[in-house]
Amino acid sequence: MATPINRQTEMTLVQAVTDALRTKLTDDETTLVLGEDVGKNGGVFRATDGLQEEFGEDRIIDTPLSEAGIVGTSIGLAVNGFKPIVEIQFLGFIYPAYEQIMTHVSRIRMRTMGRYGVPMVIRAPYGAGIRAPEIHSDSTEALFTSMPGLKVVCPSTPYDAKGLLIAAIEDPDPVLFLESMRSYRAFKEPVPSEAYTIEIGKANCITEGQDVTLIAWGAMVQVAQKAATEAATRGISCEVIDLRTLYPLDRETISASVQKTGRAVIIHEAQATGGLGNDLLALINDTSFLYLRAPVARVTGFDVPVPLFALEDHYIPTPTRVLEAIQRTVDF
Amino acid sequence: MATPINRQTEMTLVQAVTDALRTKLTDDETTLVLGEDVGKNGGVFRATDGLQEEFGEDRIIDTPLSEAGIVGTSIGLAVNGFKPIVEIQFLGFIYPAYEQIMTHVSRIRMRTMGRYGVPMVIRAPYGAGIRAPEIHSDSTEALFTSMPGLKVVCPSTPYDAKGLLIAAIEDPDPVLFLESMRSYRAFKEPVPSEAYTIEIGKANCITEGQDVTLIAWGAMVQVAQKAATEAATRGISCEVIDLRTLYPLDRETISASVQKTGRAVIIHEAQATGGLGNDLLALINDTSFLYLRAPVARVTGFDVPVPLFALEDHYIPTPTRVLEAIQRTVDF
Amino acid sequence: METEFPIYRILDDAGQVTDTSKTDLLTKDLSLALFTHMNRIRTFDRKAINLQRQGRLGTYAPFEGQEAAQVGSAYALQDKDWVFPTYRDHGATLTFGADMVRTFLYWNGRVEGCVATDELHIFPPAVPIATQIPHAVGAAWAEKRKGSTQVAVAYFGDGATSEGDFHEGMNFASVFQAPVILFNQNNGYAISVPIQKQMHSETIAQKALAYGMPSVRIDGNDVFAVYFTMQKALERARSGGGPTLIEAVTWRFGAHTTADDPSKYRDQERSRDRVDPLERLEAFMKEQGFYDEQEIETIRSRHQEEVEAAVKTMESFPPPDVNDLFDHTFATLPDDLVRQKTDYLTARGN
Amino acid sequence: METEFPIYRILDDAGQVTDTSKTDLLTKDLSLALFTHMNRIRTFDRKAINLQRQGRLGTYAPFEGQEAAQVGSAYALQDKDWVFPTYRDHGATLTFGADMVRTFLYWNGRVEGCVATDELHIFPPAVPIATQIPHAVGAAWAEKRKGSTQVAVAYFGDGATSEGDFHEGMNFASVFQAPVILFNQNNGYAISVPIQKQMHSETIAQKALAYGMPSVRIDGNDVFAVYFTMQKALERARSGGGPTLIEAVTWRFGAHTTADDPSKYRDQERSRDRVDPLERLEAFMKEQGFYDEQEIETIRSRHQEEVEAAVKTMESFPPPDVNDLFDHTFATLPDDLVRQKTDYLTARGN
Ligand SMILES: Cc1ncc(C[n+]2csc(CCOP(=O)(O)OP(=O)(O)O)c2C)c(N)n1
Ligand SMILES: Cc1ncc(C[n+]2csc(CCOP(=O)(O)OP(=O)(O)O)c2C)c(N)n1
Ligand SMILES: [Mg+2]
Ligand SMILES: [Mg+2]
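If you read the protein sequences in the order shown, they are chains A, B, C and D.
All letters in the first sequence, in the order written, are residues 1 to 332 by the numbering used here.
All letters in the second sequence, in the order written, are residues 1 to 332 by the numbering used here.
All letters in the third sequence, in the order written, are residues 1 to 350 by the numbering used here.
All letters in the fourth sequence, in the order written, are residues 1 to 350 by the numbering used here.
One should not assume that every hint holds.
[Unchecked claim] Among chain A residues calculated to face chain B with C-beta under 8 Å, some are: (1) Ser106; (2) Ile135; (3) Asp279; (4) Asp286.
Simulated from the structure, these hints should not be mistaken for laboratory data.
Positions of the beta carbon are idealized from the N, C-alpha and C atoms, including for glycine.
Just chain A, same shape as in the assembly:
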């Protein structure tokens, strides 16, 4: 099938996910999509919409309601020639599969000295901000970035979503692919029709600036950008880094930026304690200590369970809170 080069379509992030899945389902027969309601229903967010019609029930598989079963069975499929692309309906429902991911998905390559790998992608919508029911809004990425043997990726735009998802599917190692629900339909942008990849492990400096480095991912990138725009009106020039890959971290891009600006504000939805922000902070401590003109600031969720949605706007970092942190950092 000859794909026209450079054709582009306006897509939302969730459409770009579907497009990436379709691309890989077409060109790699070993790929399978497994999950709850991914078939006829096309997934609760429609990320797999139309795929079962196109690729059949044999490749787009509605599983029982059983996260450990899905992931555990996919391990067996993965070591025996297939590439399972698993959808976990919401990140808050991945915990029943935690053991399988922790002791097997991430360790099988090490435990077999490379004889078996687990080329599995686990896709999971995450994050708050869409007035979802309880436990549907967790952003517990740090539970996975801290798991040796697993990569974690999180796109913030439709373009990145397609390129990163294809890269994740092609990766010989397991990748957790986090999709911000708030970003799913937040905006459209042109996405090339052909296959392309975005390298896992590389951050994206989306706005250059001189005074402060803002680091964010997923839905928080927009929050950071808004704060940066506002900061500009105050004469503060922010460099905005979209992390894209949460593990492994892009040490070069981050340290280069912080060494230039001398200041950093990290923004994430997860709570402060145990958040990925602390890994970034440690990276900056290790690489850029002498460049720092102010403590690294973190704007995060609070150290409380993600609340029911009536209070979620108080929980999620806002441009205002980011701006306050920028100002504090600059004023230090």
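Since the structure of chain A is already known, use the hints to place chains B, C and D with the ligands on it.
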């Protein structure tokens, strides 16, 4: 039962755990011990040895091999008048219960606005260094310190073990109580026969020093102390802090120490990425930025799965590695 | 081993009595009481869907079609029993005595909606599937330890039986002979996944065989079958006979939630052909002469009023209190959390 | 539903044939082959315990008493099948073809011991209980997708049936009709916990009823019963008939592991009274005239030599390579991990 005051017995850490359990089983009828092999067998490390004989099968309960079942059922017991003290056989086997801990144990108080609390203690041996089989040597404390609504405690001495465990059992909120296997029988010390508590949330400055603050917990406290002794011969004066409580962190003790010494080395068995060291680093960044004369150093496991035991000595931080970090920090 | 699991029913689809051994028990009082609850919760349910459509409520999980299962089971309980519902069981909790205003609040993302009325032991709805099953077992076990005759009920769906927590809860219930009722509403679907893809077993009831636990399969749309089966299981539990699994075969008429489009995965027209549990009960009542138009009309309008009043109260409820974001994380907040709270409130000018 | 689960056996305790329909199949060749494997793994097992006592091996999990179950099941497999063992199933994996030196290495904490020989598909032993069950289901499902006739076997104990992963694996196996054998060795104990405290069901076999899966309960100490039952299940799986649960009732003579003291929880004297599966087979062979003292002696000393040689090779194996601590975490190590490795090795003077 009149307990003689100030009587002391030489005990190992694991004996102190048993003693604390016996103390609370005696004075609080709502306490129950649940776990795999905790009954006749007295636990695989003998932490519950003799308790079933003393308190009966009704209070010291051998459960099915089912961590989610143990924790899930204990939630029901806890909200309905009992204080379950759960033994998870090794921290590496807690993951099947991760969902129950993550979405229920830690959230029920918040979700019911305080109507129901979960006064549960989960005890788990953790850590490497005893040539144990695979998956028996994890130290994934950060998966729990990052969970809002849960406290995490880790004693490094028999005295602390008894006082902290009693405090944990008396706490109205759930506490994960981590017991270093390497410390279980490492040494004995006098432990008072009567009940006493050590406040949760307070660190213990066990050695005062001027040049560098060493922060450690569990088995790493001894490693830190050895390094401190060695450093002293080089004329470097180390302050050694035994963290005792891993969540909530003792901000005052840590920041006061680092503000005095201007340098910090954090030691833990878990891997660097996502380790609790990063929370400590963030705390120091937030409180003591201007006092720091060198980047905070971390001596940790590597970002790899805990290896099978033939390689574990390379994985676990050693006094030598700590000493190198101390020297690097002082020389910075 | 009891291994045949025919569907037990007292009324047939048309409301005719099929188990005549029960005829004497099917009194007017009982019929009317059950009808009243079923009509009340249906009124609530329809209103909630309506409010959601108008943007006055968050995503909502309707239970229309499952009223007999929920009312029949909850009505058999005693006040001091424990109820562990899912997100679809507010019909049961309302019947048991949950506050209607708080039930609405729950669906508006208000944590106040998680807190049960007064002395009732109703857990907040379990959202992670099947996780409430071990909780119910533990609470029931606690009652047994106390020597009381109270029981716990875990509500769960057909899809929930696939989760490990279902299995571990069933096993604990049987090993410790906890006085718990495992009340399954088999509505044929877990969101879009039909039961044939969920399991290879013919019935859910037979799953109890794995645990040496008594079980029964009933017509969950026959409120009498539900009520009397539940009663029997409760008696067994209260008298030390241990747990029972009840499979109540039912049907959800509407969407999985208001965010769901069932026409993606099933023919909604044909779905609507099923016999409505309320209509079935009405047919029975009419046949027996228990159905007084005027009386029924009074009940209906009473429920309309009650629901409207509850909506009003819900909508004039004090706005969410940001303190609640922090204050219930621990019995006593750690210093650092106090600091986070203070910083946040101070910056917001509080 | 098949609901009675009598224990199927071909030989009785004394080695007398009870299922005479099988007599013709109980040939000398088969007897000797099974005997050979059983004797071989027992020799290995006893040596391993010995080495552990001398501090030449780490904590070790012995399987004495379970040789018939492990040999009978593994001997029925084809080379290209998949095996998912636990920490106690190296009797099965050795029979299937695992390397003896590597098996020793495993118990010395060497990751090399996790890597199967050549083309054999043997997963590293599952230490977290029951987690291997879904893996086996997935691997089997993959074979089915490829249109092959290969199967996967999951080995697991009685205690494992309590975990959620057992349940989820069983359900997937049945829903997707995976060609997998769920081979349970019910040795009566999970460490110290007797099966009566582990479950309320009379048998493990009956747990298959929950999944509409065929199952059978057999005397796991009768190597013929194990072998022929396994064969039948394998044939079913290979010909598209889906999964089978086999409950092989057996007994562990020794400790749970060398770190365990069974006298804490059971009478080891009485435990030793059980009929030894090897002795039972020997009795049969003697009765049939299959037992040639000299031949047997040759086999025994061959195994002694093999095991001694393996120990020697194990003990002269190259020392652990610190590179292996890092190198297999990912197919390509991330920069930061390379840095961690280099820093560490440099500081150590490498
Ligand atoms: C652990 C977990 N996984 C997935 C979900 C998403 N989810 C919500 S409801 C549902 C289907 C539940 O089906 P069933 O148990 O039959 O109950 P019903 O909704 O039909 O009442 C799913 C998959 C969840 N809430 N929890
Ligand atoms: C998830 C998990 N929990 C606990 C343990 C500790 N443990 C190791 S073996 C064992 C008993 C297993 O019993 P069974 O399944 O009957 O197998 P057997 O040891 O008898 O062969 C336990 C509890 C573990 N390895 N994994
Ligand atoms: Mg359902
Ligand atoms: Mg066993």
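Would you list, in rising numerical order, the hints stated earlier that this structure does not obey? Nothing - there is no hint that the structure violates, so all of them hold.
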